[in-house]
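**Q** Protein chains in written order, with full-length UniProt numbering: chain P, 1 to 347; chain F, 1 to 347; chain A, 1 to 347; chain U, 1 to 347.
No wet-lab data here; the hints were simulated from the structure. We put the beta carbon where it would ideally sit given N, CA and C, even for glycine. Keep in mind that a hint or two might mislead.
What the hints assert, rightly or not - List of simulated lysine-lysine pairs, DSBU-like, C-alpha gap at most 35 Å:
1. F/K267 <-> F/K338
2. P/K231 <-> P/K47
3. P/K267 <-> F/K282
4. P/K111 <-> F/K204
5. P/K338 <-> F/K267
Said to hold, decoys possible - If you anchor each label on the Cβ, the simulated ranges turn out as follows:
6. P/R211 <-> F/G214: 50 to 60 Å
7. P/A341 <-> U/G125: 35 to 45 Å
8. P/K267 <-> F/G183: 47 to 57 Å
Number of protein chains: 4
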Amino acid sequence: MTAPADLPKMTYRFLGRSGLQVSAISLGGWLTYGGYTENEKTFSCMKAAYDSGVNFFDCAEGYAGGKSEEVMGEAIRKYSWKRNDLVISTKLYWGNANGDNPVNNNGLSRKHIIEGMSASLKRLGLDYVDLIYAHRPDRHTPMEETVRAFNHLINTGHALYWGTSEWNADEIATAWRFADKLGLIGPVMEQPAYNLLQREKVEKEYAHLYREVGLGLTVFSPLRQGILSGKYRDGVPADSRFAQEQDAFIAGYWKRTGKYAWDGIIKQVNQLQPIADDLGIKMSQLALAWVLKNPNVSSAIIGATSPEQVYENVGAVGAVDKLTPEIMDKIDEILGNKPPAIVARFD
Amino acid sequence: MTAPADLPKMTYRFLGRSGLQVSAISLGGWLTYGGYTENEKTFSCMKAAYDSGVNFFDCAEGYAGGKSEEVMGEAIRKYSWKRNDLVISTKLYWGNANGDNPVNNNGLSRKHIIEGMSASLKRLGLDYVDLIYAHRPDRHTPMEETVRAFNHLINTGHALYWGTSEWNADEIATAWRFADKLGLIGPVMEQPAYNLLQREKVEKEYAHLYREVGLGLTVFSPLRQGILSGKYRDGVPADSRFAQEQDAFIAGYWKRTGKYAWDGIIKQVNQLQPIADDLGIKMSQLALAWVLKNPNVSSAIIGATSPEQVYENVGAVGAVDKLTPEIMDKIDEILGNKPPAIVARFD
Amino acid sequence: MTAPADLPKMTYRFLGRSGLQVSAISLGGWLTYGGYTENEKTFSCMKAAYDSGVNFFDCAEGYAGGKSEEVMGEAIRKYSWKRNDLVISTKLYWGNANGDNPVNNNGLSRKHIIEGMSASLKRLGLDYVDLIYAHRPDRHTPMEETVRAFNHLINTGHALYWGTSEWNADEIATAWRFADKLGLIGPVMEQPAYNLLQREKVEKEYAHLYREVGLGLTVFSPLRQGILSGKYRDGVPADSRFAQEQDAFIAGYWKRTGKYAWDGIIKQVNQLQPIADDLGIKMSQLALAWVLKNPNVSSAIIGATSPEQVYENVGAVGAVDKLTPEIMDKIDEILGNKPPAIVARFD
Amino acid sequence: MTAPADLPKMTYRFLGRSGLQVSAISLGGWLTYGGYTENEKTFSCMKAAYDSGVNFFDCAEGYAGGKSEEVMGEAIRKYSWKRNDLVISTKLYWGNANGDNPVNNNGLSRKHIIEGMSASLKRLGLDYVDLIYAHRPDRHTPMEETVRAFNHLINTGHALYWGTSEWNADEIATAWRFADKLGLIGPVMEQPAYNLLQREKVEKEYAHLYREVGLGLTVFSPLRQGILSGKYRDGVPADSRFAQEQDAFIAGYWKRTGKYAWDGIIKQVNQLQPIADDLGIKMSQLALAWVLKNPNVSSAIIGATSPEQVYENVGAVGAVDKLTPEIMDKIDEILGNKPPAIVARFD
């Protein structure tokens, strides 16, 4: 499938306070590459993304037991893309694929960060990644050890920037505490979930960090696992991830995120549909454009599983400017989940 | 009134990672000294506290427009207590009492911190306080300026330790970031609300800080404005603060904390009563002992308005050991508000 | 004279990245207090300013041989203004008033900074100033010595913030270099001339510093020595400063600033008059409001010599919002002196 | 062509405060190697320079789309010059040759600095360069990121010294601020245009930096694109660069530098001719000797396109001592563009 004629021009944003630019829409490998999707489909998704101007491809050592990195690396070689034109990321924390004993193949110890990076690069077939993330905080490893180890990766040329994923605000601030104290490089980006239904972390908890450390966000789950695409409008379709709940990983994932009032959420999402209709865009494009409206978001990582979905999602880039302050207010009113403004001096 | 014969011996705890010891129960000046309580009553409360072994008396420039500090200082002179035996605190942020123009008499600029300290010491009639708090975060002043200014107070001998009140965890971590970077002293204590009904901040948000910076807590509102004393069990008595809702300050205070399901809370509190009865202690003592059970709490600040209340509250010190793991679990079950444990490496 | 009924409410701005707030309009002592103006007139100007909400009063050890500081201090005592409500500044560099031998009574050596500060405080009758400026760069004293000496003033409580006046951008950056290297406080504000006719330094030379060091500006000469009040429209009036050219100081001052095409400037200023007329404001108010339109300006220092002039100038605060982008463009077109935008990456 | 018998002995100068010595005359690759000049001619120019004692050869990733580096590297191999005897430089900023997407192949992000260096070394066929320049300031990348990335190049052995080209004085000072703060290496040299007609940046703007950071200059355009060779004395010859104005790059270059009074400049240059004649040197030699007379100039980069020109230019080395104070004054008088001396303490 070729790109639709009306595909908007990709925009690029600086990754927080860094000098690196990432495409506003990026493609993620979770649950897909090397996992639920056959390789050929993954390749066609990556090609559609690249052809749309996407330069940032996101992965993790823990995705599909390491297979995700292998397939991603294969695609880069298959299409002979130039390394300089790409922003490749991976994440370290769950490295069971790298050994038989979980003891030192997980977490953020110096040993796992260095060994995990090496194993990831081998799977990717690359000399370095642009971005390396701490996939979760590790409360058993001293922060100083973790900060030093990520700087080791940068100093040895295996990564260019480091960041975090799903860390608490105070943990990011603490990482910078040690970075500053030791004259080292602090984490420049965080990868949280962010979408119309999950706003607290990005809009409230991290609020001071954008100013204090110049934090950039590469957000995942912009469509809330598809809920915001509107596809559950009338129930759960047979081929959706929810229907695959027998799968241990997804089941566990949903268990962790907790139960929520499913019906209420679907109802809210359905109320957003007329707004999308009025703008002449799809529900998923409204959801993505809304995420990109937040200036602290450097990139929204999509998990598209077909070229069509990639193009549809990239279409959201052209819809960002359609979201006027009035429409943003209307969305807030429907959702009722806008975090209160930060208390200032004279509040 | 003299101290009851069975008054337990006061215990002292280190203020976080510092070498300073504060009494487990301390007396606060909010809304009382210089405000809702006549001076003589304040004096007798302070004396009862001192006689019970309380060494820590808490105040703020913003309490009762500065009068709270004046009355507290008067009491110290009246009873000729030795300065060394006391741990005196005050807090800076709302310093309208110090000038006519609010512009530079509020917040945490270097100007207000230095001028506010000077005005507070004058009102207290003291050369220095032991603890100086930033009464709130000031998001308009750079953290570095604030950290430097509190260190200036310490360097000039006007305060011995500095801390925060109602700051976010990431703001405390950021203050330490600048303190470490500049070789300065970081905030050693935080003063949040903490009680059976308000647990999130102390048990979840600050969780990493106890280890990371050795944070100590001097918690206020251990009885949730009297709700946990059981006195609202059958409604709102005429002489309680709730009945004074015509008062603009209280009304405003409750408005800020938001509406909550009053009935549900009273019901929960009433369910705790049998536990107190079984232990042979008062409901307020159960609530205070529960607060002191948390090893991260250095001191619980009570707002007693009569010597009787002081003695009753101090009685809680003797009840801490009665709270067995089984009783603590039972309380958690009744309240259903225990924050989930922090995710560790293999969760 | 009492304040006119339609005097706008004063606005306050943070001084660069600091937590201190200064009034948008401030009163300066150059050539006036203790100099060309009798004391009573100075007092009435200061009172008119204070009554208008002005909180920032600017002075220098070199103004009127130290007399300017004396008269300013006298006014503060005369009106019993509260110290906390005021932002008082002075500047060190030309301290001939402090001794007989110019050798060590000028410049920015540690000796002169410490001795000059002491002499200024004595003349002002104050324990500290809020702002202390290096009145010029001193290319004979190492930057490190100067940075350390100004920090000494802050550490000893004689000043709260330090800054510069008429320094080059690279000198300010170099001061921060030593401040950072030594963990000291850098200069937070600069005092340049800034007005419709002198834009280069503020709009071009300092451009990066607003971001790099959070520089705030307290600008002098917002009316270009009265030229922008329109009073030279038809020639030089007998009572103006230009007519006093026999005076050595003024003559020297004009000599230093160089010759310029007097006629051309007057012509340009006269072209601005219709814009002021259309907005229903005075020419001087247009000029001041234009200065305040620049967000990097924390305060515009006026040199008014009568209460009427003070009120007229304060009136400019209410005119800032009247300067629409269209009007700003029109002004740029008339003057033709807008510095080109800073070259960015893809220019 | 062999070197003329009377060719003066090359002199070598320390590169600013560093311990590296560069030849007073050096050869640059802009617009020539790999571009307007055939390779064989480039080789013969480089050989003539090398034979004249030139040890410093200057290049950039942006010259002729990377071809300039390739041809320069080829020459080094062709003549089997010893690596230790050469000072090789290149510059990073415009790296479009390195990829298809301009987004991360330009500017001074960590990504481009590291990837650009790698691509340049590959084109040059070298393991390291002696000097690596930031070809322009990048106002979108934080200075700290840029300073760290250039240090990374030095730490990994890909470059020995780093510097800047056409940066503002305050940007160089800011780079040193971060270098000092982090204990890193600051930029030791700057590459500006400097010649009889363009003096402001070198003689005024950078004035403090020679002392503050020990800045060395490798100046380009010493003959002002040939204007100072006197070849436009009677108009624009057909084979000159000006005649090639149809070329988009040159046209764009002149557009950026702005229009100037061509006739006036030619007139001034013609007035300098008698001085050259009196000294028995060529006009171009006078211009080059004048540049070298400035002790802050470490090397003047010539853009000769024939061995004859190289020898002629090297001849200027022998003329430096002929420029007496009287002649220097006479030149200043003719040009009228000497920046005023820096204001010192008692000015």
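**Q** Could you tell me which of the numbered hints above are not met by this structure, giving the numbers in increasing order?
**A** 3, 6, 7
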